[in-house]
Every structure is written in structure tokens, then in C-alpha cells.
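Each protein sequence line maps, in turn, to chains A and B.
Final position of the first sequence in this note's numbering is 389; the numbers increase by one with none missing.
Final position of the second sequence in this note's numbering is 289; the numbers increase by one with none missing.
It should be emphasised that the hints constitute simulated quantities derived from the structure, not laboratory data.
Source: prediction; values computed, not measured.
Heads up, a few of these hints could be off.
[As the list claims (entries may be wrong)] Here are the computed lysine to any residue pairs in the SDA-like style, where the Cα-Cα straight-line distance is at most 20 Å: (1) B:K160 / B:Y185; (2) B:K261 / A:D175; (3) B:K263 / B:L7; (4) B:K261 / A:M242; (5) B:K263 / A:M242; (6) B:K261 / A:K266; (7) B:K263 / A:K266; (8) B:K160 / A:M242; (9) B:K261 / A:Y168; (10) B:K160 / B:I177; (11) A:K266 / A:M242.
[As the list claims (entries may be wrong)] Rough simulated footprint, nothing fancy, chain B against chain A, three-plus residues with beta-carbon under 8 Å: (12) 111 to 124; (13) 160 to 168; (14) 303 to 314; (15) 328 to 336.
Ideal placement from N, C-alpha and C gives every residue a C-beta, glycine not left out.
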Amino acid sequence: MQVFNLPFWTFVGVIAGIYTILSLGLFVQFALAGLPNFGHVAFMALAAYTMAILVIRLSAPMWLAALAGLLAAVVFAVLLGGPSLRLRADYLAIVTVAGGEIVRYLALNLLDLTGGAVGSVGMLGQGNLAQYNQGWDSMLADFTTALSGPFGSLATRDFSMFLIVWTVAVVILSLFWVMVRSPWGRVLRSIREDELAAAAVGKDVFQYKLQVLILGAILGGLAGLLLAWQISVFSPTDYEPTFTFYAYLILILGGMTRLWAIPLGAVLFGVLFAGTRFLDFWPLSLVDSGARAFLRLEIVGLLLILLMAVRPQGLLGNRRELLLER
Amino acid sequence: MAQQFVQLFVNGLITGAILALTGVGASLVFGIQRIANFAHGDYLTIGAYVAFVINVVFHQNLVVAALGGMLATAGFALIVHFGLFRPLRGRGTIAISLVTVGLGLVIRDGIFLVAGSQVRVFAVSQTEVVTIGFVRLSPGQTIAIAVALVVAPLTALFLARTRLGKSMRAVADNRSLAAVSGIDVERMAVYVWILAGGLAGLGGVMLALVQGPFEPNLGVGPLFLIFTTVVLGGIGSAFGALTAGLALGLAMELSTWSGLLGGIEPKYKPILAFAVLILLLLYRPQGLFGRARVL
Chain A
64 MQVFNLPFWT
74 FVGVIAGIYT
84 ILSLGLFVQF
94 ALAGLPNFGH
104 VAFMALAAYT
114 MAILVIRLSA
124 PMWLAALAGL
134 LAAVVFAVLL
144 GGPSLRLRAD
154 YLAIVTVAGG
164 EIVRYLALNL
174 LDLTGGAVGS
184 VGMLGQGNLA
194 QYNQGWDSML
204 ADFTTALSGP
214 FGSLATRDFS
224 MFLIVWTVAV
234 VILSLFWVMV
244 RSPWGRVLRS
254 IREDELAAAA
264 VGKDVFQYKL
274 QVLILGAILG
284 GLAGLLLAWQ
294 ISVFSPTDYE
304 PTFTFYAYLI
314 LILGGMTRLW
324 AIPLGAVLFG
334 VLFAGTRFLD
344 FWPLSLVDSG
354 ARAFLRLEIV
364 GLLLILLMAV
374 RPQGLLGNRR
384 ELLLER
Chain B
-5 MAQQFVQLFV
5 NGLITGAILA
15 LTGVGASLVF
25 GIQRIANFAH
35 GDYLTIGAYV
45 AFVINVVFHQ
55 NLVVAALGGM
65 LATAGFALIV
75 HFGLFRPLRG
85 RGTIAISLVT
95 VGLGLVIRDG
105 IFLVAGSQVR
115 VFAVSQTEVV
125 TIGFVRLSPG
135 QTIAIAVALV
145 VAPLTALFLA
155 RTRLGKSMRA
165 VADNRSLAAV
175 SGIDVERMAV
185 YVWILAGGLA
195 GLGGVMLALV
205 QGPFEPNLGV
215 GPLFLIFTTV
225 VLGGIGSAFG
235 ALTAGLALGL
245 AMELSTWSGL
255 LGGIEPKYKP
265 ILAFAVLILL
275 LLYRPQGLFG
285 RARVL
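Same shape as in the complex, but just chain B (with noise of 0.2 Å):
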């Protein structure tokens, strides 16, 4: 039992570290776009893509597959932002919604055209296995935890210490304050994309590669997934992403401990995340760490 518990928290960790790098590009967005984007999760499919052409076609090796999904990725956001959500600035939340719906449509079933709905697999062994003390892991799910190690702590850093990560953090907390105390909140809006786009690329990458497998859909999965990572820790706040991703991920594997009342069946564990979301956007909308005020 104890064995199971180490294996879910690692599980745990792997999954909550896609949910938090995801998830504070989400609540960013979020925070200075007002933008519930549901095409966020097909970011993490294009990221995955590109980084599967890298690596499978292109036989590079997986680092710099990582960075080219996340630059291209980062790239597409860009586009995304000049092309259309600045154009439709102004716009209602909900109208924009219906649009980053269409915009998920596009992106998922236009990767279905092009890359066909046959499943794939980065080049790395889908049937070895490495096991630390008594963990259990496959070589995809080891370079993950391994990304997740460096990636997490520099974007928590990054947010923390620099002036560019304050800036953003400031304008997601208060749009017109930050204005005013000389933040240009228009540049900000693209940084935060960039950022966004590259955490959502390597998450989808990340994903694949925990996952084995994958196909078009990789990243439609964990949207709701994301969602509540980004209203647990706060709308527009990183850290509270950050934080809430870790608790999630932890929460959703260790749900299914034995040693605990025996566990719920695993296949329910997106339906306790959604009951979870729902939920916290009924009692707790300022999210578990945030202060209520008027959202």
C-alpha cells in the first residue's frame, strides 16, 4: 500500500506539473485578456505535433523538439492574439468564447487533416522501464519529471524576480492600476501570450509523452483539467496556478489510493476534477488562496 502511495504521488506530481506549467499561461490570460480560452487545450496539441515532426521525422533529439514545439506554439499564440483577439477587443467574454470554441475547432480538426488520426509516439521506448526505489516509471514519464524539475522552479523565478514577470503578474491582478503606474499593459497582453503559448507547447509535449500514445484530441482532455487549476489558484493569479496544478494533480491520483476508504475508481477522476470546477465557480470563485472581492 505504501508502494502505491508513492507511485500515485509520483504520478501525482508528473500530472500536477503539466497542470501548473499550463495553467499559469491559462490564468494569465485570463486575467489580462478576459479571455475563458477553450482552445487552450489544442495549444497543447500543436506543441506536441511539432514537436513529434522534430523528433520523429526530423530525428532530433527530444530537448530540442521540446523547444521547437514551445517556440512554435508561442508562435501560434501570437498569431492568434494579432489576427484575432485583438481585432475583436471589446467584444463580450461570451462572444470571445464562442470564437476560441470555433479557434479550438480549426486547430484541433485542421492537426486532423494534416497529421491524419492515426495514434503517434515520440521516439523514445514505450515498453522499458525505470524504476527509482520502488517507482515505477516509463522513459517518457522520467523526462517529464525531469522537465518539470528545471521548468517549474524557472517560471516561478521568472515571476517572482523579475521585472518582466512582476509586470505581468500586476496587470492580471489589476488591469487600470497597473496602467497606471506605467506598465504598458498592450505589451504585456503579447508577452503573456508568448509565455502562455510556450508553457501550453511543452505541457502538450510533456503530456505526450507521459501519455505514450496520442492522437489530435492529446490536448481537448486536459482543458477542463486546466480550467480548474486556473479558478483553484485565483483567477489571473501565476502562483496560485502554480500551487493549485501540484494540489490537483496530487489530489486527482491519491484519490485513487487503496488507503484511503479504498479509493475511487480511476476512470472518475475527471468527473471528481469537473465536480471539483464546478463547485469552486459556485462557492469559491476568487479561487482556494484568493481574497473575495467583487470578480
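With the rest of the complex left out, here is chain A (with noise of 0.2 Å):
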């Protein structure tokens, strides 16, 4: 495959954007409460789970059914992070994780209801192949047609899904950016930085956490929804906790606590992990197309330690606004 790739591209942008959505959720969560939730594919999961199951088992209507995901993700926020909330840092993300798991395992053996590991086409059984995707594709057939008035041969199916994404990662991230700024953002982080001084100064900690938790919650299901659109069939294996460390990398690789930068580190790693297959040059070369996965994943962990140890802010990020020093 030529690097210059339009088509390819595209689809790299329309992951980055998924990226983004997903990345901010985590910002909320990490970066401005400094709650390590390690399971925040969880909630990509529960959504695409619920939503497909709907559409295929009751003929939901598609925004119900996407609607009824994101409930489905803030109600297990809720029921995992209620209690959690409470617990020390480490243990909360030992706790996210491991209910990241459940989701998962449940999702592989419920074979009735998720389809097993053959995934959501298999929800129907053998021999019937379950789609969930027919409304959101028709509906983005219709937006293709339209923009292919103003936009010709450029108008694409992932062009369109491209719009729509950044679209809403836009739409977010400006939303992120006044709150951010607000007196709420401002209590997030002093629970942060001090749980204890926000309590004394009469802020329900608890509260304010749990919102984050719903928030963040709310912005991995809706990531989720759109991943699920976007490759119209998904299985378990979608949703291994390596996923949710993508997201990390991602905040790490903006900056921390720059929200502008989210979007430039998903951007940023999307061309990384998919760009790793255009690097033939050896010792690369070496390394076979079948094995380039892994290749991914080494590369991955790597700038995961290594700016976790050396530049702990991330890229772009403020040294004296996070040091993650707890």
C-alpha cells in the first residue's frame, strides 16, 4: 500500500477522532480528578454491546438503542464507582480494571446474548448474520449523497463518518473548555491535588467524583457507539484492557492536562499505530506483515514507560500543573 493513501487516511482520521471522544472521557476522569480508572473500555463495551443487542434482538429504533448504550455505561459508572469511589488511588484502578474484565468475560460467555467470541454478527446464532448498523449506514449514505454536492468524489463514506466524529469531538472539547474553566473544573482540581482541603472547604468530594465517573462514562459509551459504526462488527477482542491504555498514551502524548493537546496526541498515535505499516526500512523489515501487531503494541508500551519516566506532564503538558506524584 502507497503512504499517500486518501481513503486509508481518512479512515486513520476517523479513528483519531473516536480517539479523542474516548481520551477526553479519561481527561475528566485522570487528568482533572485524578481518578485512575483503568477500565474505561468498559464502558465503550457496554454501549456497543447494548445498542447492537437492542437493534438486532428488539428492532430498536437506532438513537434509542444508542440512547439505552449510554445508560447502560452510566449505570455500571454508577454501580462500579459508587462504592469505589472511596478507595485509595491504587486500588481503584485495580478495582476498574478487574470490572473491565467482567464486562469482557461476560460479553464471551453470554453466547445467547453477546454472540460469544464471534461477536455481534453472531448474535442471532450460527447460519444468521445479525447486523446492527443498518440505520446509522443508510442515514450516513444519505449525509454522503448530500455532501457529495459540495465535496464530488471526495465525499466517502468515512469522509462523512469523519465529519461527524470530529464534529462531536469539536463540540466536546469546546464544551471541556468552559468547563474546564468553570468553578466546577476548578473544584475538580483541587480534589485532585488535595481531597482533603476540598472537603474542608465544604465541597461534597463525593459527589463531584461520581459526576466525573457519569461524565466520563458518558464520552467512553459514546466512543464506543461510534467505534461500533464505524467497523460494523465487533467482538470481545475489541475491547481487551489493552484499549483503555491507548486512551493513557493518548493523554500522555497531548499533555496531560492541556486539553487542546487531546486531540493532537490521538492524531498523533493514530498515525504512530497505524503508520507502523509503512515503516519497511530494516530492522523493521525484518519483522513480517502478520507480526506487526505486535510490533504496535512493543512500540505502545515503550513510550508508555518512557514518558511516564521522563516526561511524566506529557509533550505538551505543564510540569507545574500534574505531576502525578500520589
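Fit chain to chain and form the complex, with the hints in mind.
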């Protein structure tokens, strides 16, 4: 494949937009309020599965199913987070990964409901191809036709998706821009820096943390829905714990506390992740294409270690703002 | 039904022994270094693969292979300790956790890149069945039991009776108190990593033997079971981890016993363990045997 390949990079752009939304969820939870959610991927999984199950089994309308998906993510956040928010940070990290793994194992094993390891296509049992994205695809097709007026041959499915995803991302970013600077954002930062001090001036720390958890869950769920619509078939392997740490890497790449740097981090990560397939010089040419997936994860791991060791505040971050010293 | 019970009991002992041995190391590391090591599962994989190379490529027997795996993993743990954790000392627990997540990816995918994703087996018969009484075991399981019967008591004895073992437990229990009573805390950290690495390597070999075919994801699965063991036994408590590992292994296997209200389906065992882990952290973070104190 050529390096300069518009359809391919459009696809990468879509995924980067989805990563941005996902990482914004972690931004409020982790960078802003200091809650280490290591199971963020569970929100994606729950939203996607709820939406797909409702559409496939009950032929629910797409928007209603999507809303139910977000609701499922929120319910999970409250169930898991409600009691565990009082825990120490490293315990919370373990609880959230374990919670995420419960979701994945359930998806893997509740064959009749989720299609098991086969994934969403197997939801109606063997021999029946189950699909959940007709509604989305027909909407996307209409949108693409409408776009082909001004954009001509540029208007493809992924191009429409690109516009939608990034519009959503930019809207959320702008909202956050305001929220971070509001009194609400300042309270969250004070909780991150010193919970006791925030409580001492009369802030209901638990309430704030719960709000943050729910907000993050909604964003995670939204990213999950968009990803499910984009890839049109998903299975439990798409929700392995590693995915959560892509979002962490994006957060760190961008700069832990710099809001506008998150989309930059997501694009950087997307290019890095997709770009490894074009690196064909020695010694990388020794790795055959089948093993490239492992090479990518190897790089993700190395970057995670390196950045945490050398620049914990992120590439564009502000060292005075956050040092992760807790 | 009685036969099923005994079979499950023996299976539970095997799983429990692996969890107990790996859990001791992880618990001491957690206690002394304050590191929730998300790469600990991958330490098991290192042990299994090094042992595999010695056993299958160099045609050495399993004892040599297992020792080699233990040594290599302990060596690796030391390199990581000096090269990564020591320089990063003083960073927050979450920062270090993220580093260990990265480390886990590096190890796992490194093994994938070097050894490939195809399944491997040790040079023991995979089809043969050893029958003891009415318990049926694979040769791999039999070896794992034999190893557990030797190593678990030795580990317990080492921790209970030797000066080094006592010092390790002291540091894990209360770092400052241990330091003022003249224990070199820094040196203990080194010894603890050797112990944790060696036991993780051995656990990996045992796990691979019990499981039969294995691939580089071998150690990821049991990671949270090891965490559960650590928390169940009380973080930093070596004996707690030994008992908790056995108890968890037995509980997981026996929960599938049909005599127990029909038992749960085996595929839900991991979910049970995760739920136990979450509930423990929520309501008894000091572990089942631990004293309640500010953690």
C-alpha cells in the first residue's frame, strides 16, 4: 500500500477522532479529577453491546438503542464507581480493570445474548448474520449523497464519518474548555490536588467524583458507539484492557492537562499506530506483516514507559500543573 | 459425585499452589515497593518461555529447564528493578502502575515478536493419563503437584525461619519500623525482587505444564487471580498470600462441583474471581486475615 493514500488516512482520521472522544472521558476522570480509571474500555463495550443487542433482538430504533447504550455505561459507572470512589488510588485502578474484565468475560461467555467470541455477527446464532448498523449506514449514505454536491468524489462513507466524529469531538472539546475554567473545573482540580482540603471548604467530594465518573462513562460510551458503527462488526477482543491504555498514552502524548492537546495526541497516536505498516526499512523489515500488530503494541508499551519516566506531564503538558506525585 | 469432588480438589490444589507461590512474590513487592505490578503476569510468561527453550530446544530435563526459567525471570526482575523502578522511585503509585502496564506490553509483545504466536508445549506427553486412586492427571499436572509439594513448604520455611525471610516480611509489614531496627531496606527490595521473580518464573513453568499448550498470553490471564490472592491474603503478608492462593484455587475449582447446588459453569470461574477481588477491595482491603488499619 502507498503511504499517500487518502481513503486510508481518512479512516485513520476517523479512528483518531473516536480516540479523542474516548480520551476526553479519561481527561475528566484522570487528568482533571485524579481518578485512575483503568477499565475505561468497559464503557465502550457496554454501550456498543447494549446498542447492538437492542437493535438486533428487539429491532429498536437506532437512536433509542444508542441512548440505552449510553445509559448502560452510566449505570455501570455508578454500580462500580459508587462504592469504589472512596478507595485509595491504586485500589481504584485495580477495581476498574477487574470490572472491565468482568464485562469482557460476560460478553465472551453469554453466548445467547452477545454471540460470544464470534462477536456481534453471531448474535442470532450460527447461520444468521446479525447486523446492527443498517440505520446508521443508511443515514450515513444520505449524508454522503448530500455531501457529494459540494465535495464531489471526495465524499465517501469514511469522509462523512470523519466529519461527524470530529464535529462531535470539537463540540465536546469546546464544552470542556468552558467547564474546565468554570468553578466546577476548579473544584475538581482541588480534589485532585488535595481531597481533604476540598472537603474542608465544604465541597461534597464524593458527589463531584461521581459526576466525573458518569461524564467519563458517557464519553466512553459515545466513543464505543461511534467505533461500533465505524467498524460495523465487533467482538470481545476489541475490548481488551490494552485499549484503555491507548487512551492513557494519548493523554500523555498530548499533555496530561492540556485540553487542546488531546486531539493532537490522538492524531499522533493514530498515525503512529497505523503508520507502523509503512515502516519498511531495516531492522523493521525483518518483522513480517503478520507480526506488525505485536510491534505496534511493543511501541505503545515502550512509549508509555518512556513518557511516564521522562515527561510524565506529557509532550505538551505543563509540569507545574500535574506531576502525578500521588 | 465424590469422585468429581476429589478431582476438583486436586485441580484446585494445583491452581492454588501456582497462585500461592506467585502471590507471595507479588504481595511482598506490593508491600515493600508499593508497586501494583501489572506486568507480574508477564513475568510468568518469561519463565515459561525460557524453560521451554531449555527443555525443547536444548533437550534438557524439566528440572534444569524450570531452574533456568526461575533464574532468568529473577534476573529480569532485577534488571527492571535497577533500570526502571529504582530511578522512578518517588513517583506516584498511579504513575508507576502505568509504567508497569507499559512494561507488560513490552514483555508480552516482545515474546510475541521473538517466539511467534504459535502454541508451544513442553516435552512431556500431552495425551498420557496418570491415575492415582480415582484422580486422573496429565503428566504435566503430576509434575506441577510434585513441584508444589517441594517448593511451597520450602518457601514458607524460608519466610518463617531464616533471617532474610523474616527481614523481608518485616519491611513489607512496616517499612520505617524495619528500617529503624537496622534492616537495610534497599537490600531487602533487591532480595524481594529475586524471590518474586524466581517464584513467578516457576509459577509460569507450572502453569504451562498444567495447561499444556501455551502462547505468549499465558501469564495475562492469571494476573488478576494473583492480584486477588495478594488482596485476599492482605497486601504485604507473605503467609496470607500462601493461604489465600490455596484457598482461592480450591474455591474456584470447587465452585464448579455439581454437589454444590449444581455448581457454576466453569467458564464463569474468572468472573467469580474478579467479583471477589472487587468486593474484597471495597469491603475488606486489609485482606481476610489482616488487621484493620489505615492502609
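Consistency of the hints with the structure:
no. : hint            : result
1   : B:K160 / B:Y185 : holds (12 Å)
2   : B:K261 / A:D175 : holds (14 Å)
3   : B:K263 / B:L7   : holds (15 Å)
4   : B:K261 / A:M242 : violated (44 Å)
5   : B:K263 / A:M242 : violated (43 Å)
6   : B:K261 / A:K266 : violated (44 Å)
7   : B:K263 / A:K266 : violated (41 Å)
8   : B:K160 / A:M242 : violated (53 Å)
9   : B:K261 / A:Y168 : holds (9 Å)
10  : B:K160 / B:I177 : holds (10 Å)
11  : A:K266 / A:M242 : holds (17 Å)
12  : 111 to 124      : violated (count 0)
13  : 160 to 168      : holds (count 6)
14  : 303 to 314      : holds (count 3)
15  : 328 to 336      : violated (count 0)
Hints 4, 5, 6, 7, 8, 12, 15 from the earlier list are contradicted by this structure; the remaining hints agree with it.
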